[in-house]
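Enquirer: Given these sequences and hints, build the entire structure.
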Amino acid sequence: MKIIDFHVHIGKGVHRSLDPKQLLKLMDRHHIEKCVVCPVDEYIAVKNNEGNEYIGRLVGQYRERLYGMAVANPWRGKESVDELKRTLDKGLIGLKINSILQGFMLCDSIIDPLLQVASSRNVPVYAHTGTMGNALPFQLLELAERFKKVNFIMGHTAYSDFWYDVIPVMERAENIYAETSHVSPAVIRSLVDKCGVQRIIFGSDIPESKLDVEIGKLKLLGLNKKQSECLFALNAGRLLEQKK
Amino acid sequence: MFVCFKCRAASGAEKMIIDFHGHLFSEWKGVKGMSTKELIAEMDKNGVAQTVVFTMNGYWGDFRHYNDELIRLTNPYRNRLIPFCTVHPYEVKKAIAELRRCKIKYGIKGVKFHPWLQGFSVTSDEMLLIAEQAAKLEMTLVFHDGTPPYCEPLQIANLAGHCPGLKILLGHGGLKDYYLESVSVVKRFPNVYMGTNPPPSALEKVSRELNGEKIVFGSDVGFDRYCLRHNLNVIRSLSVAPAIKNKIFYKNAQYLLGN
Numbered sequence: 001m002k003i004i005d006f007h008v009h010i011g012k013g014v015h016r017s018l019d020p021k022q023l024l025k026l027m028d029r030h031h032i033e034k035c036v037v038c039p040v041d042e043y044i045a046v047k048n049n050e051g052n053e054y055i056g057r058l059v060g061q062y063r064e065r066l067y068g069m070a071v072a073n074p075w076r077g078k079e080s081v082d083e084l085k086r087t088l089d090k091g092l093i094g095l096k097i098n099s100i101l102q103g104f105m106l107c108d109s110i111i112d113p114l115l116q117v118a119s120s121r122n123v124p125v126y127a128h129t130g131t132m133g134n135a136l137p138f139q140l141l142e143l144a145e146r147f148k149k150v151n152f153i154m155g156h157t158a159y160s161d162f163w164y165d166v167i168p169v170m171e172r173a174e175n176i177y178a179e180t181s182h183v184s185p186a187v188i189r190s191l192v193d194k195c196g197v198q199r200i201i202f203g204s205d206i207p208e209s210k211l212d213v214e215i216g217k218l219k220l221l222g223l224n225k226k227q228s229e230c231l232f233a234l235n236a237g238r239l240l241e242q243k244k
Numbered sequence: 001m002f003v004c005f006k007c008r009a010a011s012g013a014e015k016m017i018i019d020f021h022g023h024l025f026s027e028w029k030g031v032k033g034m035s036t037k038e039l040i041a042e043m044d045k046n047g048v049a050q051t052v053v054f055t056m057n058g059y060w061g062d063f064r065h066y067n068d069e070l071i072r073l074t075n076p077y078r079n080r081l082i083p084f085c086t087v088h089p090y091e092v093k094k095a096i097a098e099l100r101r102c103k104i105k106y107g108i109k110g111v112k113f114h115p116w117l118q119g120f121s122v123t124s125d126e127m128l129l130i131a132e133q134a135a136k137l138e139m140t141l142v143f144h145d146g147t148p149p150y151c152e153p154l155q156i157a158n159l160a161g162h163c164p165g166l167k168i169l170l171g172h173g174g175l176k177d178y179y180l181e182s183v184s185v186v187k188r189f190p191n192v193y194m195g196t197n198p199p200p201s202a203l204e205k206v207s208r209e210l211n212g213e214k215i216v217f218g219s220d221v222g223f224d225r226y227c228l229r230h231n232l233n234v235i236r237s238l239s240v241a242p243a244i245k246n247k248i249f250y251k252n253a254q255y256l257l258g259n
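Taken in sequence, the protein lines are chains S and A.
Mapping of the first sequence onto the working numbering: position 72 corresponds to residue 72, and the numbering continues sequentially without gaps.
Mapping of the second sequence onto the working numbering: position 243 corresponds to residue 243, and the numbering continues sequentially without gaps.
Derived by calculation from the structure, the hints in this document are not laboratory data.
Check the hints yourself; a few may be wrong.
Straight-line Cα separation of at most 27 Å, DSSO-like style, residue types lysine-lysine; simulated pairs [claimed, not checked]:
no. : chain 1 : residue 1 : chain 2 : residue 2
1   : A       : 29        : A       : 94
2   : S       : 47        : A       : 94
3   : A       : 205       : S       : 12
4   : S       : 21        : A       : 205
5   : S       : 219       : A       : 32
6   : A       : 105       : A       : 136
7   : A       : 37        : S       : 219
8   : A       : 205       : S       : 25
9   : A       : 45        : S       : 225
10  : S       : 194       : A       : 29
11  : S       : 219       : A       : 45
12  : S       : 2         : S       : 25
Covered by chain S, per the in silico footprint, the following chain A stretches (three or more residues, Cβ under 8 Å) [stated by the list, open to error]:
no. : segment
13  : 127-138
14  : 229-236
We treat Cβ as the ideally placed atom computed from N, Cα and C, and that holds for glycine.
Expert: Next up, the structure:
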């Protein structure tokens, strides 16, 4: 079965590190055809340009296997908007935001100029969710309602403790997708049962998690062949293709 | 690659598994819990020797009633299922009497708290009184942890400092967002242990740093048929020595249970 991993961090960071050769080895071992990669740690928070340049080089080098997401800290204002435009021009396929590392309330209008770029360029936006305070599912819903043309990915499906918000949020916004890393298999199962499988996408969040753990938990769910194909590849494929 | 559980078991690397975090309940919020027989079958299927089980409904209902229910359900399987009672700290007198009853009459070895669901802070004066009583009775305390505003690991550490003779388990090891607090606490307080729910890479790192000490496997089994296998898979995926995994899987649990 074809697998696209929609959430991988790559590079050498203060807390997390994964180099491209390691990643390609892991992808081969776990039969992953393509990965969506974004920078790690300080490159998400402050060194956006260095992070984006690195991701751009990798995507150019491994065009058949990797897609890249750009990072831009909204506190940088126009500079971050220009950075996002530049990186999308160079072939990255979306925007990754982490309101915890970047220090803003997820629903704060400070992010709007970046989302306007995402909307006009028709690219998806991946948002870390699940951390108390300023990365919550209902905050993501605010963005999804303000920017209805943008497809948002609810990173980690709000793991750890916001599982009870996930289904109400998914039901209210057709432009929110749930990404599967870390969250318990039971939450994914109930999401499949109540909202269908069309807006659930596989992501591993390696190197913070592990591929055998993340793939293994989804195989416990007893999904049929069509559901598995959607979750592991087809839904992600639609998001990756939307920029064209 | 999906981990093959049968091959792992056949390798003999795992000597025993004690699951220190299970729930036994008939129904909670419309979710039907596993029956005792179903839980035992799930344990057998996954090679788990013993499970420490907690209530769900007792967190906000009549805790004495639900403690009795848990004791009744586990009595036929006391070699496999180890019940921990619960109380609500805000009913201090009743709670202290219940701890004494559970320990003295039924030999219950510990108490589970879920401050988030129960709606109290672990730093409340009432909780300090309950902790003092539990220490006198030599009962281990298990907390749901990793969730602000009531049960962050450093808040629970406040109890550990207040009662240095009390054994405390951070049931989830800080979960995804507070594991750094959890690691800091178990390093600083000799009487605090942590569960296995930090992200796998963090769990791997701390397992090595602590040489497997003070980390206790827990799966949250009881709600569905996925979580035990998934959580076993997490531990089995760690690149650490078998001796470390054995501490996580049962040796540290045996210490907390006084075995």
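Enquirer: Sort out whether residue 32 (chain A) lies within 27 Å of residue 219 (chain S), counting only the CA atoms.
Expert: This hinted pair holds, its Cα atoms lying about 23 Å apart.
Enquirer: Between residue 2 (chain S) and residue 25 (chain S), is the straight-line Cα distance small enough, at 27 Å or below?
Expert: holds (16 Å)
Enquirer: Is the hinted pair residue 205 (chain A) and residue 12 (chain S) satisfied, with a Cα-Cα distance of at most 27 Å?
Expert: holds (17 Å)
Enquirer: Are three or more residues of the segment 127-138 of chain A within 8 Å, CB to CB, of chain S?
Expert: Our answer is that it is violated, as 0 residues pass the Cβ test (under 8 Å) against chain S, missing three.
Enquirer: Does residue 21 (chain S) pair with residue 205 (chain A) here, judged by a C-alpha cut-off of 27 Å?
Expert: holds (22 Å)
Enquirer: Would you mind confirming whether the straight-line C-alpha gap from residue 45 (chain A) to residue 225 (chain S) stays at or under 27 Å?
Expert: holds (25 Å)
Enquirer: Hey, residue 205 (chain A) versus residue 25 (chain S), does the alpha-carbon distance stay inside 27 Å?
Expert: This hinted pair holds, its Cα atoms lying about 21 Å apart.
Enquirer: Holds or violated: residue 194 (chain S) with residue 29 (chain A), Cα cutoff 27 Å?
Expert: It holds: about 16 Å lies between the C-alpha atoms, which stays within 27 Å.
Enquirer: Regarding the pair residue 105 (chain A) and residue 136 (chain A), is the alpha-carbon distance no greater than 27 Å?
Expert: holds (16 Å)
Enquirer: Holds or violated: are the alpha carbons of residue 47 (chain S) and residue 94 (chain A) at most 27 Å from each other?
Expert: Violated - the C-alpha atoms of residue 94 (chain A) and residue 47 (chain S) are around 56 Å apart, more than 27 Å.
Enquirer: Is the coverage entry for the segment 229-236 of chain A by chain S consistent with the three-residue Cβ rule at 8 Å?
Expert: n = 4 at 8 Å, threshold three: holds.
Enquirer: Decide if the proposed pair is consistent with the structure: residue 29 (chain A) and residue 94 (chain A), CA atoms, cutoff 27 Å inclusive.
Expert: Roughly 26 Å between the alpha carbons, so the hint for residue 29 (chain A) and residue 94 (chain A) holds.
Violated hints, in rising order: 2, 13; the structure is consistent with all others.
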